[in-house]
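*Asks:* Sequences are here, hints too, so could you generate the full structure?
Protein chains: 2
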Amino acid sequence: MLKAVEQCMLTWIKELQNDELYELFTHLPHGKRLRAKLVLKIAGESPQSVKLAAVIELIHAASLLHDDVIDEALTRRGVTSVNASDGSKVAVMMGDVLYSKAFTELVAFDDKIASSVASAVTILSIGEYMDVKMGESFNENEEAYLDMIYKKTASLIEVTSYCAALLVGKNEDDYKLYGKNLGLAFQIIDDILDIVSDDETLGKPALNDYKEGKTTLPYMYLYEALEDKDKKRLKQAHLQDLDSNESSWIKLQMKEHQSVERSYALARTLSDEAIKAVSQHDEKELVLILEDMMQREF
Amino acid sequence: MLKAVEQCMLTWIKELQNDELYELFTHLPHGKRLRAKLVLKIAGESPQSVKLAAVIELIHAASLLHDDVIDEALTRRGVTSVNASDGSKVAVMMGDVLYSKAFTELVAFDDKIASSVASAVTILSIGEYMDVKMGESFNENEEAYLDMIYKKTASLIEVTSYCAALLVGKNEDDYKLYGKNLGLAFQIIDDILDIVSDDETLGKPALNDYKEGKTTLPYMYLYEALEDKDKKRLKQAHLQDLDSNESSWIKLQMKEHQSVERSYALARTLSDEAIKAVSQHDEKELVLILEDMMQREF
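For the protein sequence lines, the chains are B and L, in the order given. Quick note, the first sequence lines up with residues 1192 to 1489 if you use this note's numbering. Quick note, the second sequence lines up with residues 1192 to 1489 if you use this note's numbering.
Incorrect hints may have been included.
Where chains are identical, the list cannot tell them apart; a pair therefore holds if satisfied intra-copy or between any two copies.
What the hints assert, rightly or not - Below, simulated DSS-like cross-link-like pairs (lysine-lysine); rule was C-alpha separation at most 27 Å, straight line:
#1 Lys1228 x Lys1361
#2 Lys1402 x Lys1420
#3 Lys1324 x Lys1205
#4 Lys1205 x Lys1223
The hints are simulated quantities; they were obtained by calculation from the structure and are not laboratory data.
*Replies:* If you want it as structure tokens, here you go:
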């Protein structure tokens, strides 16, 4: 049924009657289509659910295009990013095209769905803005970090579950909570993978986040645990190209202070809360999605 | 009543609860608010018309932010552009925030209005994409150029008039045609001003378009009129930093071959068609808007 979602997106992009854009779109890396899967698992398979899934995936694709421009990322899921292959101009415009096409199709849904998805996109954009701003200096504030990843990542996953539930008259608040916690856990796992994976699995250099300025949870937890002298050393490495000596030191310290484990534990707590939120709805597949996500390696 | 539109936008941006974004927004140059004026003149002054005007102006502001990133413009209306002052990352994200907030508010309008505005944004984004692509080489194709400026500039002005008419039950097709022709003429005048204005009036260096790759109508008409040897010279200047010698030569040739006058004549024809489109509706103010636009100097 994911195929129907892909087909729906291709049909919509074809409607734009611009061959180059269509070509570019077909070459975007697909990723896991987590959001489309969520819609189909929650709302079942119907013309409406396929369209909702396609709208959300277009929005997600647009946000990644702009995100890569912002991060100056050269690759996305191991593939050259659009901003690297075709320039950031094309990536910005292509993102705008996908966003606006998604909004055009969104209008056909009822107001509650349309306005909540549109609001989520605003929150998502603010989240990406906060991500950029927070990356300018070392961040010790866990609450601020969680607020930022809620906005940047969880808000769209939250609204995906919420709207899928609305489509079929399920209890939307339970599914909203599921989506929110899934989204938060997802981002924390993503942040962990940047530290524990090797470059090849990740499709980008490991420890890249910290170099880009992102003080993710494991760095924050490590900082808390370190002596003053080492706190200083960790801070000095922020936003720097790390040599293998410094990378090894960070990884060793994280091992010693169990910074990754502590981050993983928070993701686990959030994941458990997500499962609990839908526990009375017998949603085995949603539990599976969570477990897959928690155990993914890229 | 434009004040009510400004206030509405400020209230919406305030709702996003991000002080930095609010601050940035208040410093964006206002411009002429042509689109807001159009809504208010066509639909009169009501809470709905103010909101529609605010939605359209937010969309326009978002498109300018992204447009400046694309064009690597250092100034906008004589003021430092956001991408120049705060970086293109901030400009991209700020644009996304304004677009999505506009879409969020747009959902409250009826489907016909919401979907036509959303479609226009897609067309606008494709137009900006085409503008970038066409700028990579000298363009001789007038039809392709007019199609691009329809998409990039006229589509949003067209939908502005169309939706304003819908709001108050006026004949939407007449107003749509008015808006389309106003938009096309507006862009042609803009292109002319890049050639005939001095740097100070324009707020950016004159003959900047050609340096950026934009073969606007006067260049196209000049090319048509030139001898082969001079055709080659004009083509060679495309995408180049022009010294005063080359700039003067281009301006002199344009004078000799009346390239600007020919472009202005097309704008005049379009403007006349716009007036004709609403001639039976006794819209003196819309005629005034057109006349002001045709005679503007920046």
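*Asks:* None of the hints should be skipped; say for each whether it holds.
*Replies:* Do the hints match the structure? See the list:
1. Lys1228 x Lys1361: within (17 Å within a copy, 45 Å between copies)
2. Lys1402 x Lys1420: within (20 Å within a copy, 54 Å between copies)
3. Lys1324 x Lys1205: Between copies, since 19 Å is at most 27 Å while 36 Å is not.
4. Lys1205 x Lys1223: within (23 Å within a copy, 36 Å between copies)
The structure meets every hint from the earlier list without exception.
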